[in-house]
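S.K.: Chains as they are written, first to last, in the working numbering: chain A, 480 to 589; chain B, 73 to 186.
Hints were generated in silico from the structure; no laboratory data involved. Everything numeric in this text was worked out from a predicted model, so none of it was measured. Take the hints with a grain of salt, since some may be wrong.
To be verified - Only pairs whose alpha carbons sit at most 20 angstroms apart, straight line, appear in this in silico EDC-like list of lysine to aspartate or glutamate: (1) Lys98/B - Glu174/B; (2) Lys521/A - Glu494/A; (3) Lys588/A - Asp518/A; (4) Lys521/A - Asp561/A; (5) Lys524/A - Glu123/B; (6) Lys524/A - Asp102/B; (7) Lys521/A - Glu174/B; (8) Lys98/B - Glu124/B; (9) Lys524/A - Asp536/A.
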Amino acid sequence: RKEVEQDPGPFNVPEGATVAFNCTYSNSASQSFFWYRQDCRKEPKLLMSVYSSGNEDGRFTAQLNRASQYISLLIRDSKLSDSATYLCVVSLIGGFKTIFGAGTRLFVKA
Amino acid sequence: DAGVTQSPTHLIKTRGQQVTLRCSPKSGHDTVSWYQQALGQGPQFIFQYYEEEERQRGNFPDRFSGHQFPNYSSELNVNALLLGDSALYLCASSFPGAGDNEQFFGPGTRLTVL
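Given these sequences and hints, build the entire structure.
M.R.: Here it is as structure tokens:
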């Protein structure tokens with residue numbers, strides 16, 4: 480079993496749609512959680528951190544369920560510019576080791 | 073403020089050769105992590121350097137080694153290259169004091185092994 484598993488995708492959605500990505504992690508010692516975005520042939524960039532209480536940044540909402548070891552990302556009112564690969568990321572205590580999921584590709588169509 | 077820089081951007085090697093990749097962290101960062109990203113996959117953690125020492129290592133063979141210099145820059149060395157080593161190699165820097173351990177990535181070095 481992979482340490483971080485994501486929906487395989489790809490997700491093809493029209494502009495304005497709401498899309499949700501799911502992620503599970505296996506190591507209960509995981510302490511920090513993130514969503515990164517990676518555009519084609521570019522480096523990953525932090526989209527948002529994920530907190531137990533849930534957090535929102537504009538059209539993006541992230542949720543964490545530690546008991547179920549589950550992380551989600553919700554994108555509302557999708558834009559063409561949201562087309563990218565979304566990477567679920569988990570860091571172990573101390574941030575010494577960071578595990579990336581395989582990523583979920585999102586295509587937003589006009 | 074310069075971000076994370078990596079060199080070279082592209083590299084072509086043949087099986088059995090050795091390669092050295094270089095990374096300069098973002099200003100103010102003292103921790104460098106290296107990742108291997110194969111096509112269609114997420115980045116895989118190779119190792120992390122802090123205070124010139126390897127602090128944590130992923131599931132990579134000893135052919136992969138690294139170094140961190142007093143100015144926090146880092147090198148990744150891969151010996152006896154295999155075809156399967158072809159990938160994008162990403163360097164990321166962070167500052168331990170950052171509570172969320174956000175990592176800033178460089179543009180990567182694309183290695184092709186023939």
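S.K.: Sort out which numbered hints this structure fails and list those numbers smallest first.
M.R.: 2 and 5
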